[in-house]
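For the sequence shown, my numbering gives the first residue as 1, with consecutive numbering after it.
Watch out, some of these pointers could steer you wrong.
[Claimed, not checked] Subject to a maximum C-alpha distance of 30 Å in a straight line, what follows is the list of computed DSS-like cross-link-like pairs (lysine-lysine): (1) Lys32 - Lys119; (2) Lys57 - Lys32; (3) Lys146 - Lys210; (4) Lys173 - Lys255.
Hints were generated in silico from the structure; no laboratory data involved.
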Amino acid sequence: MVGVGLIGTGFMGKCHATAWSAVGAVFPDVAKPRLVHLGEVNEELAQRKAGEFGFAKASGDWRAVVNDPEVDIVSLTTPNQFHPEMAIAILQAGKHLWCEKPMAPSFAEAEAMAEAARKSGKIAALGYNYIQSPAIRHIGALLDEKIIGEVNHLRIEMDEDFMADPEALFFWKHEAASGYGALDDFAVHPLSLVSVLFGRVASVICDMAKPYADRKLAAGGRRAVETYDIASVLMHLENGIAGTLQVNRSAWGRKGRIAIQIFGSKGSILFDQERMNELQLYLTADRPTEQGYRTILVAPHHRPYDAFLPAPGHGLGFNDLKIIECHELLTRLAGRPARLIEFAEGLEIERTVHAMARSFEAKRWVDVR
């Protein structure tokens with residue numbers, strides 16, 4: 001039975017804890033893991049969250065989780081700037097790792113994390129749960145079948161509005177220490193979909209913007225915003241596909257949108273994460289009198305939807321994608337092939353993000369590699 005440690009108990013920490021708790025019930029082909037040790041910034045919070053999440057032990061020092069001999073794998077869900085030190089310590093302690101994205105604020109730190117994973121021989125997976133969607137998996141199968149012919153153009157966007165309010169207070173995602181902003185906080189998710197569906201990005205030109213120059217501080221006064229909430233990118237993929245990427249953390253009305261438009265020589269495919277249980281397909285092979293986008297509802301034959309529900313159209317949710325990701329991780333731990341983005345592949349996503357940032361600074365096209 002796999003012993004699980006968790007560091008960080010915010011939004012994503014709770015998602016990981018939920019996934020570890022549910023994975024054995026949803027997927028009976030893996031053994032139920034044991035929730036061993038939870039770490040937080042202080043003892044009181046750690047004890048409270050351990051009780052809520054069902055962990056046997058709690059500590060106000062993350063190193064206690066890393067050094068616990070009963071822990072085989074650690075879920076790391078802290079803010080981005082803490083990933084490098086913690087991830088490397090976890091791997092050097094001989095533990096497997098499930099780390100939330102992005103890897104790190106700087107590319108050098110991401111490289112150090114990937115090197116630590118390589119040296120450790122342990123599995124180090126990144127939290128790219130959107131690639132686990134049954135709809136995305138089916139889109140991949142349709143592309144493999146070339147049902148829309150040769151793909152020539154890709155448009156992908158990610159928008160949310162949790163930073164849209166100009167009166168909202170300054171917080172850690174506005175600090176340069178957290179990264180570039182929407183580019184690495186957000187763009188890595190659509191880039192994970194680009195990676196699994198199409199492969200690597202070859203070259204980019206990027207623009208970034210700050211909708212609000214400063215934010216109020218809780219203690220009074222204001223502080224300059226150091227990150228960019230908006231990024232727009234033109235890109236060429238290594239396979240010749242032209243693409244655009246747009247991300248915005250200040251987009252009023254958008255809640256969890258990852259919108260994909262894929263255009264080919266014989267049709268097109270549309271998907272929006274806010275309607276994650278459906279996709280739209282247009283085929284030129286249809287008779288002209290019936291040509292139009294058809295809506296395909298996710299159903300049991302779009303695996304692994306069938307592990308959750310026996311009936312079509314009932315719908316999965318965000319946490320279900322995390323449960324699927326957890327199952328893939330346990331499958332990989334058992335030595336079987338799995339659908340994951342591990343640190344080596346994740347480093348290529350980080351490389352693309354940093355090329356975009358270089359492009360913004362240089363105001364020109366930049367080669368990713």
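How the hints compare with the structure:
1. For the proposed pair Lys32 and Lys119, the alpha carbon gap of about 28 Å is at most 30 Å, so the pair holds.
2. Restraint check: the Cα-Cα separation between Lys57 and Lys32 comes to about 18 Å, which is no more than 30 Å; the hinted pair holds.
3. Note on Lys146 and Lys210: the hinted pairing is violated, with a Cα-Cα distance of about 40 Å set against a maximum of 30 Å.
4. Only pairs whose Cα atoms come within 30 Å are accepted, and Lys173 paired with Lys255 is accepted, the gap being roughly 17 Å.
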